[in-house]
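Q: Once you've looked at the hints, dock chain B against the given chain A.
So the sequence lines, in the order shown, correspond to chains A and B.
Under the working numbering, the first residue of the first sequence is numbered 16, with each subsequent residue one higher.
Under the working numbering, the first residue of the second sequence is numbered 16, with each subsequent residue one higher.
One or more of the hints may lead you astray.
Repeated chains share a single entry, so a pair holds when one copy, or any two copies, can fit it.
To be verified - For lysine to any residue, the following SDA-like pairs were computed, each having C-alpha atoms within a straight-line distance of at most 20 angstroms: (1) Lys135 x Leu80; (2) Lys28 x Glu185; (3) Lys47 x Arg68; (4) Lys135 x Thr222; (5) Lys28 x Gly184.
Think of the hints as simulated: they come from the structure by calculation, not from any bench.
Okay, here's what each chain looks like letter by letter:
There are 2 protein chains.
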Amino acid sequence: MSVDPTPWPGPDKGALFVVTGASGTGKTTLVKAALQAIPSIGWSVSATTRPPREGELDGRDYHFLSHADFDALVADSALLEWAAVYGNRYGTPRAPVAAALDAGRSILLEIDLLGARQVKAAMPEAVLVFVLPPHAGAIEERLRARSTDSEEVIRRRVSQADDQLAGCGEFDYLVVNDVLDAAHVRFQSVLWAELQRRARNPRLVSTFGRV
Amino acid sequence: MSVDPTPWPGPDKGALFVVTGASGTGKTTLVKAALQAIPSIGWSVSATTRPPREGELDGRDYHFLSHADFDALVADSALLEWAAVYGNRYGTPRAPVAAALDAGRSILLEIDLLGARQVKAAMPEAVLVFVLPPHAGAIEERLRARSTDSEEVIRRRVSQADDQLAGCGEFDYLVVNDVLDAAHVRFQSVLWAELQRRARNPRLVSTFGRV
Numbered sequence: 016m017s018v019d020p021t022p023w024p025g026p027d028k029g030a031l032f033v034v035t036g037a038s039g040t041g042k043t044t045l046v047k048a049a050l051q052a053i054p055s056i057g058w059s060v061s062a063t064t065r066p067p068r069e070g071e072l073d074g075r076d077y078h079f080l081s082h083a084d085f086d087a088l089v090a091d092s093a094l095l096e097w098a099a100v101y102g103n104r105y106g107t108p109r110a111p112v113a114a115a116l117d118a119g120r121s122i123l124l125e126i127d128l129l130g131a132r133q134v135k136a137a138m139p140e141a142v143l144v145f146v147l148p149p150h151a152g153a154i155e156e157r158l159r160a161r162s163t164d165s166e167e168v169i170r171r172r173v174s175q176a177d178d179q180l181a182g183c184g185e186f187d188y189l190v191v192n193d194v195l196d197a198a199h200v201r202f203q204s205v206l207w208a209e210l211q212r213r214a215r216n217p218r219l220v221s222t223f224g225r226v
Numbered sequence: 016m017s018v019d020p021t022p023w024p025g026p027d028k029g030a031l032f033v034v035t036g037a038s039g040t041g042k043t044t045l046v047k048a049a050l051q052a053i054p055s056i057g058w059s060v061s062a063t064t065r066p067p068r069e070g071e072l073d074g075r076d077y078h079f080l081s082h083a084d085f086d087a088l089v090a091d092s093a094l095l096e097w098a099a100v101y102g103n104r105y106g107t108p109r110a111p112v113a114a115a116l117d118a119g120r121s122i123l124l125e126i127d128l129l130g131a132r133q134v135k136a137a138m139p140e141a142v143l144v145f146v147l148p149p150h151a152g153a154i155e156e157r158l159r160a161r162s163t164d165s166e167e168v169i170r171r172r173v174s175q176a177d178d179q180l181a182g183c184g185e186f187d188y189l190v191v192n193d194v195l196d197a198a199h200v201r202f203q204s205v206l207w208a209e210l211q212r213r214a215r216n217p218r219l220v221s222t223f224g225r226v
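So here's chain A without its partners, still in its complex pose (with noise of 0.2 angstroms):
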């Protein structure tokens, strides 16, 4: 094998990716993996109206704003996507995530099919990626082998993750979540590969393509 000692530094121009799948899927565990084994991906810091609780510090855990501070950005458009979650607000800035991408660094949100659509409506170019279930049935069959759950808890879970799934028609990929090892190369790679497209990379072509 030869070693090179200039690798490929990365794209000039970052990717955001979007990350959707129903709960039970492993998405979180296939995100936290790749945000590890491809450093040039990173996260973003949500802006939230919830108070800070013990130990999380504004601007590394949340941006910590108030209601009239986050109303703000929503009117003025500067969240990528925002959702309410028990009377608290929570959303993604867009100007760190738009200066990460320029300065090649990418992103990866994980976020539900109402915060990718926001999302892909305020910046087409994000690529959006579904996990799927190994079979359809299957987030049901694992709640009922759980056993631990209410048949009204078991019936509102599935149909929450109905109602993400219903979305997945609308991702630019669909990693399956069967195999764990197989799903973590297959998620990483389209990872990867949009960090190669031509596009992201136009220091390559200009350096080696007469242009």
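A: Okay, now just chain B, sitting in the frame of chain A:
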């Protein structure tokens, strides 16, 4: 690690991959390893007007054709690309490639820039991958380091390499072959990613999404 007995069977619609690069950039090494690693990607049997050599089988090594039969394929637009080399012609028949893609099998063509342009024109959905050397001048350095070639031969080979590199801006993906292990991963990532494109997986969408 969870292991599921029903791994993803691959896409319903195969991808046509076109791989191009200057000679001496390790393109063939990357292609061979990828074809071994990803069984659903195969190659295409070329048509040629050159006579069979000993041990070569018609339909396995090449489709051996008369000049008249080759002319007929060209006239019918039945070749995705073709070129003349030392008075003989070589080309990629369109029908078996189209049949493979429809059956969910993918095809990889390792061809030069002019061939890649022909394929893109004939089948715009083809995925074009260009393999780049680690840095500008690397090909010439390598030729000179071997020091077996005359100055004239070196100049001709560098010029041929530059002619290929000139077209890299027309490709969908740019894979830099710097550290070979890393390049294998990044090259195979492009192939895996494309197989997971939603457009190639209508069955996943109809299974999981409400369409």
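Q: Next, verify each hint and record whether it holds.
A: Now for the hints, and whether the structure bears them out:
With identical chains, the CA atoms of Lys135 and Leu80 are never at most 20 angstroms apart, being 24 angstroms at best within one copy and 51 angstroms at best between copies. Taking the shortest Cα distances, Lys28 and Glu185 sit within 20 angstroms of each other only across copies (18 angstroms), while inside one copy they are farther apart (24 angstroms). With identical chains, the CA atoms of Lys47 and Arg68 are never at most 20 angstroms apart, being 23 angstroms at best within one copy and 54 angstroms at best between copies. Proximity of Lys135 and Thr222 under a CA criterion of 20 angstroms is satisfied in neither setting, with 32 angstroms inside one chain copy and 23 angstroms between copies.
Taking identical chains as interchangeable, the C-alpha atoms of Lys28 and Gly184 lie at most 20 angstroms apart only when they sit on different chains, with a minimum of 15 angstroms there against 27 angstroms within one chain.
The earlier numbered hints that this structure contradicts are 1, 3, 4.
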